[in-house]
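4 protein chains.
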Amino acid sequence: METKELEQLLNDVREFVVEELVPLENQLMQDGWEAVLPTLREKRKIVKSQGWWLPQMSKDIGGLGLSVAEFGRMSEILAWSPTGHYCFNAQAPDAGNIEILHQYGTDEQKAQFLQPLANGETRSCFSMTEPEHAGSNPTIMSTTAVKEGDSWIIDGHKWFTSAADGSAFAIVMAVTKPHAEKVYARASMIIVPTDTEGFNHVRRIKIMGEAGEDWASHSEIRYEDCRVPLENLLGGDGEGFVIAQQRLGPGRIHHCMRFIGMAERSLHLMCSRAAERELSPGVPLGSKQTIQNWIADSRAEINASRLLVLDAARKIDEVGTKAARNDISIIKFYTANMLMRVVDRAIQAHGALGVTDDTLLSWFYRHERGARIYDGADEVHRRVVARNELKPFGVKVT
Amino acid sequence: METKELEQLLNDVREFVVEELVPLENQLMQDGWEAVLPTLREKRKIVKSQGWWLPQMSKDIGGLGLSVAEFGRMSEILAWSPTGHYCFNAQAPDAGNIEILHQYGTDEQKAQFLQPLANGETRSCFSMTEPEHAGSNPTIMSTTAVKEGDSWIIDGHKWFTSAADGSAFAIVMAVTKPHAEKVYARASMIIVPTDTEGFNHVRRIKIMGEAGEDWASHSEIRYEDCRVPLENLLGGDGEGFVIAQQRLGPGRIHHCMRFIGMAERSLHLMCSRAAERELSPGVPLGSKQTIQNWIADSRAEINASRLLVLDAARKIDEVGTKAARNDISIIKFYTANMLMRVVDRAIQAHGALGVTDDTLLSWFYRHERGARIYDGADEVHRRVVARNELKPFGVKVT
Amino acid sequence: METKELEQLLNDVREFVVEELVPLENQLMQDGWEAVLPTLREKRKIVKSQGWWLPQMSKDIGGLGLSVAEFGRMSEILAWSPTGHYCFNAQAPDAGNIEILHQYGTDEQKAQFLQPLANGETRSCFSMTEPEHAGSNPTIMSTTAVKEGDSWIIDGHKWFTSAADGSAFAIVMAVTKPHAEKVYARASMIIVPTDTEGFNHVRRIKIMGEAGEDWASHSEIRYEDCRVPLENLLGGDGEGFVIAQQRLGPGRIHHCMRFIGMAERSLHLMCSRAAERELSPGVPLGSKQTIQNWIADSRAEINASRLLVLDAARKIDEVGTKAARNDISIIKFYTANMLMRVVDRAIQAHGALGVTDDTLLSWFYRHERGARIYDGADEVHRRVVARNELKPFGVKVT
Amino acid sequence: METKELEQLLNDVREFVVEELVPLENQLMQDGWEAVLPTLREKRKIVKSQGWWLPQMSKDIGGLGLSVAEFGRMSEILAWSPTGHYCFNAQAPDAGNIEILHQYGTDEQKAQFLQPLANGETRSCFSMTEPEHAGSNPTIMSTTAVKEGDSWIIDGHKWFTSAADGSAFAIVMAVTKPHAEKVYARASMIIVPTDTEGFNHVRRIKIMGEAGEDWASHSEIRYEDCRVPLENLLGGDGEGFVIAQQRLGPGRIHHCMRFIGMAERSLHLMCSRAAERELSPGVPLGSKQTIQNWIADSRAEINASRLLVLDAARKIDEVGTKAARNDISIIKFYTANMLMRVVDRAIQAHGALGVTDDTLLSWFYRHERGARIYDGADEVHRRVVARNELKPFGVKVT
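Chains as they are written, first to last, in numbering that gives the first Met the number 0: chain S, 0 to 397; chain E, 0 to 397; chain U, 0 to 397; chain P, 0 to 397.
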């Protein structure tokens, strides 16, 4: 997309987010996701009518066709308000599922699972994390899928299957080739409609005080003798991790740009508060040097984060996810930590108001603490970076 | 109390907390305060039967008679589990209200308001903070109480009136002498039964995702033409801030020891996790140097905090709250920040589990973020300390 | 310059620095600047013969003609070793002086002062900071220059006149229009040959244990009835601060890219050490997660810094120093602090060796602590950024 | 010593340090240790005449007989000025050597080596660290001492043998029982007069820009076929590490109290500067909230450190070094880091002056960076603490 065209698009989207979505925040904060959902469905119609729908995907499935770097820019804007990505059908985990179904799905899978998802008629979830195993080594996994006749029989225990509540199907990561030499070649992805017998929804996990609901929830699932047709294998047998890596690269760009959008919003809230709150008549909070320091540090760290992420997005567009892996690790831990610092400063600047649900800050504080954990904890990404840095010196980081 | 006797008491209480209260945590986390309340009433009976009731107060109203420093030690232990203080009738804001009613109340006030509170038959709240004014300067206050006949007529808007839901009465801070020369001499404390007309409970404020209920809530109140007898004045007219300071001194010790107790619990959870979580067979999470660093830093900071707080408590016992004011400011911001760091490390060490309500950490993370704000934000206490430090050099910190 | 040509140039320069200058470091560390100076003069000849001389200036005075952003890239490489900038005649304060003489100097000034400086035949200094006044407000200045006949008579007390020892002339900032309405319009720049009577060199200030010598020194100067011709005014009367701002913009880019170069070198030393130091046979220091964390954080922060600085350089090239002012403030405090963190980690990774002069780290640690102070302390730049951020909200930061 | 007597002593010593030693600082900073040494010898006479000499040792060898906790208090005061400990003959490494000679020395060793040292007639050094081996595991050591006839023949390479320049003797750690099963039982301490043939002084190591001289230096030593009588063994054969541990316990208390003394001095300098430096007429630097925050944080951290250290000292006095080992590790890394933070803030508060040798801050900054490394790097002590913390959970930290 040409620069000028892109800037116009971003401006229009920014205006939409500010005028149409920001006003919904209070209802979301006070009454929860389902209260606001009917309105969001209306907003989705506007998005479609504007031609903004599914901005991150190519036009053949109804998307806008932005590059990773271009969607990065937009993702920041969508993140200004918690419902932004949802209204554009660019929300995790659907965005990632759409991407891999588009790239690896058979024609039948695309017809049955991808297109309704791309259209926003269904939702989906991704079932990978297991409570019994450390996320730092995803290859250690207990869920298995065994071929029997023309079915996969899946057994296993998953959690943090985000948005499972109300989803049409899950993409499940399961060990199908337990004896493959390379641990990375043991698991596969299998599509499991959620109404399949043996797909047992245990609970929406209560996280930071909220079990959530519908898309805004994270579930624990038990797969117990759960049978799906062999054709539900997504990609090749044993290619689960290869596809997952593919899925995670741009996905982390999106996450990181989301973090930046939320950090910008938090900084904006902090500045508003600094202007509006008077310490004494005529003396705004913003006259305090402590607040000024917080604002300056936040601005510097946000700008640094944005440049890092857009640079990594550019690399993905130019040389692919694999070559950009180190950059992706850097942005993941750097921006997630940046976000938490900015949110924390903004809360402190708000005083007692900052811990209430009368501002968006408590939402960010609770919902995004996981940012330093999911899709690779800080420690995992630091290890990747150290490994790359030390490799030329002959040190092998395991 | 003699050292040996105190240590025995603390051991017994520790055992009680671990065996009787810790098992209630999951219900509290998953189902909320009211679900666990009937059980807590039973636990309170045990506490009474053991002679541990109201440990922080003197024996004349049914307390155990611990000194500030002694109760500091116990407070840490009670904080191991979120229901600890409540079961001992040592929870804020009742503890503070009991203290000032005991010290400043008339005989009638003691009979009517103090004794039922001390007995645990009623609860109370404290109505000071106003949404329109910065907490950094509590003397700026809009709520007024005007004498008319034999009544005070109170008008004003308060929030963060903690535990108002279900309280028998509020102690309200209101301007009674607007023209007093010293701003500190303008406000008074007045006792307002919550069933008084004009005591309008607006809402339990949703904080960090939870509106809470009963004791575990924070309310917004509007006092509108709210009339109480002149005899409901607590202490002298215009002495509101003097009494508040008196209330806050030991109160901050209790808070800080609570912070330490929660930090100890978080460290304990982190160590448990470091032992139980395996990165690969036989390799516990605790083998990782990053985790070890978190544990070591947490231990150092907790120990430092405890020594600081107990030293401040000793000063209060020996020379009074006023002389210990600088020490109290130091411990307030130092320990509140320490707590948040330790909790944050413990969450990170737990990975995805750390953000769920399956451990206590998310409770601490959400409920205690306010610790850096209430009873004087970090910035306010740093200012106090800087003021004291710079005074000998002739710099006046305003 | 075309990308490919630039990359070739940078590679060649990198090779030169590593092969010709790095080997001089030990002599510099152990024996000081003057010991290594004769060799540096030889290296300058190589630089000239390669056509790399004065890379930051235009070709009309013998430079290479790089843009701000291009020289930024090179500056990072030169900073790999402490003598890099000197060998290319791109060292502060000469680089800044060359720039303003080139832009504001009269033909006579260019012939007499600029060209020999550009040729590397002379050195110069810049006399602005006064010990009696806070650097945070440079407009408060006591040094005056009064016209008398055809002379300026300069009186004042300056320090941190870097490289004054051995300089041919100083550019002095002095108040010439004390009654100008705007404080920014009161001072002018005047060229003072150092052999002028009344240019009294008090001392080379001992900084971090070293008085230094020649270019590698910082002097205290007293201007006492110091007379120079009226023609020595540089730029217009009262334009001192306007010119200084012009000088500081690109100068800060250079500084920041120097910081990045030193940080890269420190990270390289840390990685080398992590590889070479064995904790036990076959177990390198780099196997420790603590070191890995330091390396990963350093890499992330260095990359972030570089993108920030190059982005600011691009803005200067495209829209000028003034429009990029906020960006320049951001990079100044962000990269200076980044540098100190990276150096500190590298020292710690070296253990006892890290505090000796057997590595370059102690040089960076001592010589660059000033980076957070000179050319605007952290606090000053944070204020600038906060001011810009709060302006749209109606808060005026003074 | 009784409280009142101790307080009087401390007051007297404080007055002595402020009036007699602080005025020497500028000479020390500008001209170095040897310039000030003759004056220090005079000051030592005053100290002796006051009965303050050798405060940390028992009276039988001419000391004052303070307990570890009592001397901790005094050590803080002595550290106010860099020559304090020296003037009281309480400087490292002599203090440690005196202690172990006193505890483990034979009568002959006491007569020949201890008493002149205790009298201040000689100085000594301690030769343990080897450049080829990581300090994190001191049991890995290449220096050997082999019995031959009635001699030990010592061969090895040591550095950071502090104060070797001008010392009468070194206490050398060398492997004497290379085949002992426990690595801790392999090394012994041997007394080596510095005029022994084979005691080859390589250089005073240049550290942070200064080679130093006399007591204020750190040397590299090669022991080459260096022979001393068998009677020079200090303590039992193979007891080197046992004695070293004994030496290090109280030694770390002294170090940590020194750190606190220097931090107090730095805070004092920061407050002075905050009062004296005007940002504009009548507006002191101390009016800035950033400075106030630095002051408040420094005060909190210093107080926390002091309580931690005195608590550890009390434990050593009451239950011995071994039982206090975890506490000692905590204070070592906690206070060393605290010191560096406080010094750094104080430098920043001084602006350009802060990096010059016109204040003591640059001395602390350079000389004490090693505090986080010597006597166990931060990482080593954190490991000790984590090991203790995780032991009850069944995790073995290696």
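Think of the hints as simulated: they come from the structure by calculation, not from any bench. Remember, predicted model here, so these are calculated numbers, not experimental data. Treat the hints loosely; a few may be bogus.
Identical chains share a label here; the pair holds if one copy fits it or two copies do between them.
Unchecked claim - Below are the DSSO-like pairs computed for lysine-lysine, each with C-alpha atoms no more than 27 Å apart in a straight line: (1) K181 - K390; (2) K3 - K287; (3) K181 - K287; (4) K321 - K3.
Consistency of the hints with the structure:
1. K181 - K390: Within one copy only: 21 Å inside, 35 Å across.
2. K3 - K287: Close neither inside one copy (39 Å) nor across copies (45 Å); limit 27 Å.
3. K181 - K287: between (58 Å within a copy, 25 Å between copies)
4. K321 - K3: between (30 Å within a copy, 25 Å between copies)
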